[in-house]
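Q: Chain by chain, the residues run as shown.
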Amino acid sequence: MLANYLIGLREGLEAALVVGILVAYLVKSGRARHLPRVWAGVGFAVAVSLTAGAALTFGPRGLSFEAQEAIGGGLSIVAVGFVTWMIFWMARTSRQLQGELQGRVDTAIAQGGWSLALVALMAVGREGLETALFLWSATEAAGSTTAPLVGAALGLGTAVALGVLIYRGAIHLDLRRFFTVTGGLLVIVAAGVLSYGIHDLQEAGILPGLNSIAFDVSASVPPGSWYATLLKGTVNFSPRTTWLEALAWLAYVIPVLALFIRTTRPRVRLEPAMKPVPAQTR
Amino acid sequence: MRRLLNVALTGVLLAATACTSNTDDASEPIAVRSTDAACELDSNEAPTGTLVFEVTNGGSAVTEFYLLAADGQRIIGEVEDIGPGLTRKLVVQADPGQYITACKPGMVGDGIRAGFTVTDSG
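Residue numbers (the numbering used here), protein chains in the order written: chain A, 1 to 282; chain B, 1 to 122.
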């Protein structure tokens, strides 16, 4: 039961993290009325995943290995695009929220409104099919033993509960710290999703280098352990990482984090202290 | 944003056409029983076409099942996250030739390996 619990937790954790931050952001910026769009995205992803998973488990058609890996890998890379957009959209609107007219924020939200639903949809849908296939096989096994299904459900439930805790924790931060912390966290999450997607495509043989290993710490971080589960579930840390995964991770984190820091760096700090000579300079 | 949406939709459509049939030309599923120390297959050979492995985890650790090329490196197919007590399917197309099967209880190492032959069914 513990092993199935950990799978459920791992599959749900990252989605709970992203959705928790998205909800906290909307509530914090006084846009709670857009929450139904986020829930619509989540609901749609859950419904499609469960339906497709059931059809593939109980129906006459199965999913070939190549297709499953291509979907997992492809969706992951698309999800990275959405989460990256979310990071900079939040940073941009936060600056407007702090300094400029409220109306411009409303415009930004109106433009980004349905994109929020898509971010939520991708965050949940990315591993949705894999999770649904796992859940339905636990349901199938329930004829002889219900332990796997109970374990899996408790794991997913724990992931949702942790998402709520993240929301609660984030909502109490002041606005600037909120953006620095959640944005930085999301950059690391997105980089992990990218290297996960690369790994799926390597397994499918679409990308090369599956057996060129950058590091393998699976002896000290056994993939079945609870701490490996938490690392995998949040930042997609893989104890056995290929060179291509590691390089993709770095190639994402370095420029995106640099750009993010530049976007969110407080500008006010420079102005009053460093400009003894007034007005003309601007 | 619209471009991202188009990419996502194209992906979904591609995925919808990528299903393989479980029944048309599929042979009988090959049962695999994976435990913490063993990996037992009903049969170590099958005719060409769609191969279906039904992998049951009788152990206490999460297991994975792989069909590898004869070099033991290239993955022909795999199914992950087979929790204790679960049965999961691997559906894969294979040409005639020699392969290697592997169960990976605990998700680490090279796994418990054995040879597997796909014969030409004409």
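Since the hints were derived computationally from the structure, they do not count as laboratory data. Be a bit skeptical, because a hint or two may be false.
One-sided and incomplete, this derived list gives chain B residues near chain A with beta-carbon spacing under 10 Å [unchecked claim]:
1. I30
2. L41
3. S43
4. N44
5. L90
6. V91
Since the model is a prediction, treat every value here as computed from it, not as a measurement. For glycine and all other residues, C-beta sits at the position ideal for the given N, C-alpha and C.
Q: Evaluate each hint against the coordinates.
A: Verification of the hints:
The interface hint given for I30(B) is violated, since its Cβ lies 14 Å from the closest Cβ of chain A, which is over the 10 Å cut-off. The restraint placing L41(B) at the interface with chain A is violated, with a minimum CB-CB distance near 17 Å, outside the 10 Å limit. Because the smallest distance between the Cβ of S43(B) and any Cβ of chain A comes to about 19 Å, over 10 Å, the interface hint for this residue is violated. Below 10 Å, beta-carbon pairs count as interface contacts, and N44(B) has none with chain A, the closest being about 19 Å; its hint is therefore violated.
For L90(B), the interface hint holds, since its Cβ comes within 10 Å of a Cβ in chain A; the closest pair sits about 6 Å apart. This hint holds: V91(B) has a C-beta 4 Å from the nearest C-beta of chain A, less than the 10 Å allowed.
In the structure shown, a violation is registered for the earlier hints numbered 1, 2, 3 and 4, in ascending order.
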